[in-house]
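*Asks:* From first to last, the protein sequence lines stand for chains A and B. At position 371 of the first sequence (counting the first as 1) the number is 371 in the numbering used here, and the numbers step up by one without a gap. At position 14 of the second sequence (counting the first as 1) the number is 1014 in the numbering used here, and the numbers step up by one without a gap.
Source of the hints: derived by calculation from the structure; they are not laboratory data. Computed from a predicted model, the values in this text were never measured in an experiment. Quick reminder that beta carbons are idealized off the backbone N, C-alpha and C, glycines included. Treat each hint with caution, since some may be false.
Stated by the list, open to error - Cut-off 27 angstroms, straight-line C-alpha distance, at most; resulting in silico cross-link-like pairs (DSSO-like, lysine-lysine):
1. Lys1233(B) to Lys50(A)
2. Lys233(A) to Lys1050(B)
3. Lys86(A) to Lys127(A)
4. Lys101(A) to Lys86(A)
5. Lys50(A) to Lys81(A)
6. Lys86(A) to Lys50(A)
What the hints assert, rightly or not - If you want the ones that stay clear, here's a sample from chain A, every Cβ over 12 angstroms from chain B, calculated:
7. Asn4
8. Glu89
9. Leu95
10. Gln128
11. Pro218
12. Lys230
13. Leu248
14. Thr349
15. Val352
16. Leu366
17. Thr374
18. Leu377
Here are the chains, one letter per residue:
2 protein chains.
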Amino acid sequence: MANNAIVGQSGGPTSVINASLAGVFQACQMRGADHVYGMLHGIQGLLDEKVCDLGQRLSSFIDIELLKRTPSSFLGSCRYKLPDFKDHEDVYEKLFKILEKLEIRWFFYIGGNDSMDTINKLSQYGKQIGSPIRFMGVPKTIDNDLMLTDHTPGYGSAAKYIGVVMKEIIRDATVYGTNFVTIVEVMGRNAGWLTAAAALARGEDCEGVDLICLPEIPFHTDRFLEKVEKMQKERASVVIAVSEGVKLPDGRFVCELSDDARTVDAFGHINLNGTARYLSNLVARNLPTRTRPVELSILQRCAGHVTSRTDITEAFQVGGAAAKAAFEGETAKMVALKRLSNDPYQCTTELVDIDRVANLEKKVPLDWINDTRTDMLPPFLAYARPLIQAELTPIYINGLTQHIVEE
Amino acid sequence: MANNAIVGQSGGPTSVINASLAGVFQACQMRGADHVYGMLHGIQGLLDEKVCDLGQRLSSFIDIELLKRTPSSFLGSCRYKLPDFKDHEDVYEKLFKILEKLEIRWFFYIGGNDSMDTINKLSQYGKQIGSPIRFMGVPKTIDNDLMLTDHTPGYGSAAKYIGVVMKEIIRDATVYGTNFVTIVEVMGRNAGWLTAAAALARGEDCEGVDLICLPEIPFHTDRFLEKVEKMQKERASVVIAVSEGVKLPDGRFVCELSDDARTVDAFGHINLNGTARYLSNLVARNLPTRTRPVELSILQRCAGHVTSRTDITEAFQVGGAAAKAAFEGETAKMVALKRLSNDPYQCTTELVDIDRVANLEKKVPLDWINDTRTDMLPPFLAYARPLIQAELTPIYINGLTQHIVEE
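All chains should be modelled from the sequences, with the hints used to inform the complete structure.
*Replies:* So, in structure tokens, the structure goes:
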């Protein structure tokens, strides 16, 4: 019987999820796995037996280097949530039969909350049926909202991207010297980690954003307008970073106030973005100023051309640590990052029980936000600044960043 | 009497307009100008006598290097259009009195169409009153719509940015393998140069965008839906680049069809963006697919972290050429770029009469667009590809790109 490993990617793409894939792949190979398979489109693809042999696709060092610089999920992703095995044992029977056929001994899943739930369920079911397969979770999310890990791979690069483009947006917004309010919408439904990263822009060459609105703080439109009016008396150009997830005191998303929010697609999904656009229109109607909404949109999660080398290195490292632990017999665990110190920044990996991570959300501590709820305090900057340090230079060919070729 | 030069920046910001400022400044200094002044917020600031002494602000080589890497207009900009001097001679009298007080011999204005109109008017008035001041235009616009120059500084970097992020957006959009239509809105009211740059994304590692909609081609919403439906039968993920300026056959902007377009700000300006959002909603209502609008917004003009070294070099070069010409006695001219060959790419500068440039617009040649009006043809790629070559590495300090410090 062969000793094979399998790895999948799930949830939203990031700039560094492929570095974790590289880490799992290389560590499994070095530890002697016969084959390292990749699930195409995660667990959903696996259920259709869509897998590839990663050893064939990643056959050279330049493949690995390009993979680290390729954003989004190289293997494809899915949003499939495994049902409870008490209700749908058939799904589990099918999955384990496929894993048996592929002679899998080690199973890795790279993702966020939902992916850790998948690892939790698979390892519980595996234990119940006495399966020898080892299940390990590898954390990934730009949202930085996983529990029990100091931070998540993907956050550092997204935070760096936000810092870089905020500086550029602030430069652009001040150019005419006339009244202007720029409202920048940042991802993060319930946790404000990414929006908070806008605070990193401030420095000797940049006065920084003027207001930061996190989803952790209830949003009052009247107070918002008052703040903007007051700020614009001090400076003509006001730049605001607002989370797409800011909510009214009654719990509704601010973007639900927009007419546009009522657009429904063919599946009945309500369009929930447009927070910046709504607020921009609100300010334009109420104050004597021009306004502009800017949505960072998916660029903040797929900007492979601006990544943090610290983040890429850690993403690779958690992948390797997951393989090491699984080969040493661990199962039902997630690799977490544990910070040892801020200055100098030192971080190591540790294992945490998967059932303590799955389906929970870590929010920005309220005591890292100032009293007037407009800005981040030094503890946040001390936390976030090390995560954006250093660069992994993109490989430019013929004028554009080069990625790994897809099959 | 001193021999002084003055330089101003006008119109929308670009990533490389400061490289042209550096070119003008260094060439004027080397040729012996006593002072090189900068107008703060262009001609409008000059009317208020708001100027700075650039020699004091740019005192070291590192200042010049940071200036080249700083997006937006270092001196600030304006949208002020000089009135006709037959109607408002007082404005001209005031301006020339200020220039006389500053002992200006050479006057440079970096900008697009409107800025060349300013140079045209000033040089005409100067000639009429027998002023010895030399007036030179330095081209700048991401829109690439100036006549008589092969291309404009600013376009290459914006085109490169669009190529880079399109590749990333395409990777992100394909990740789930399910039906998805991503509509990316690109700047350009009347000329489609920037939207056409989305065609650069295609390569061995990227299948490219599926549809390109330029403002040069009348837009039919029904045919658009037909095309999208047909494309999605061939591939689940469809990525479309659409100009903010696409117009219906009756001449209205497509975005005017949106409810949102009727938002009016306190000055009575109608909000004219939202083309991608409108089309995205249209597709979602009519086809069985999820959709997502992405606006590249101001990032495409201020992304100093992705610039073309070719573009930066040429931006610097046109600034220097303008100074050289003015010092040699030329006036009422714009420096143009003249392409000598595509492969190898060779380009030089020449002088063109300012009155032949001002207020005209250069559009994308229709024979560079394919018959079905969905994609660009090889002549466009041969034209645009050289302009995005090579990089000017950003200077990252403490995790973020560093810019020159403003006063």
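*Asks:* Give a verdict on every hint.
*Replies:* Tested hints:
1. Lys1233(B) to Lys50(A): Holds. Lys1233(B) to Lys50(A) sits at ~21 angstroms (cutoff 27 angstroms).
2. Lys233(A) to Lys1050(B): 21 angstroms, holds
3. Lys86(A) to Lys127(A): 14 angstroms, holds
4. Lys101(A) to Lys86(A): 24 angstroms, holds
5. Lys50(A) to Lys81(A): 17 angstroms, holds
6. Lys86(A) to Lys50(A): 25 angstroms, holds
7. Asn4: 24 angstroms, holds
8. Glu89: Holds, because the least Cβ-Cβ distance between Glu89(A) and chain B comes to about 27 angstroms, which exceeds 12 angstroms.
9. Leu95: 19 angstroms, holds
10. Gln128: 30 angstroms, holds
11. Pro218: It holds; Pro218(A) is separated from chain B by about 26 angstroms at its closest Cβ, greater than 12 angstroms.
12. Lys230: 17 angstroms, holds
13. Leu248: 21 angstroms, holds
14. Thr349: 22 angstroms, holds
15. Val352: 27 angstroms, holds
16. Leu366: 25 angstroms, holds
17. Thr374: Holds, because the least Cβ-Cβ distance between Thr374(A) and chain B comes to about 21 angstroms, which exceeds 12 angstroms.
18. Leu377: At about 18 angstroms from chain B, Leu377(A) clears the 12 angstroms cut-off, so the statement holds.
In terms of the numbered hints stated before, the structure departs from none.
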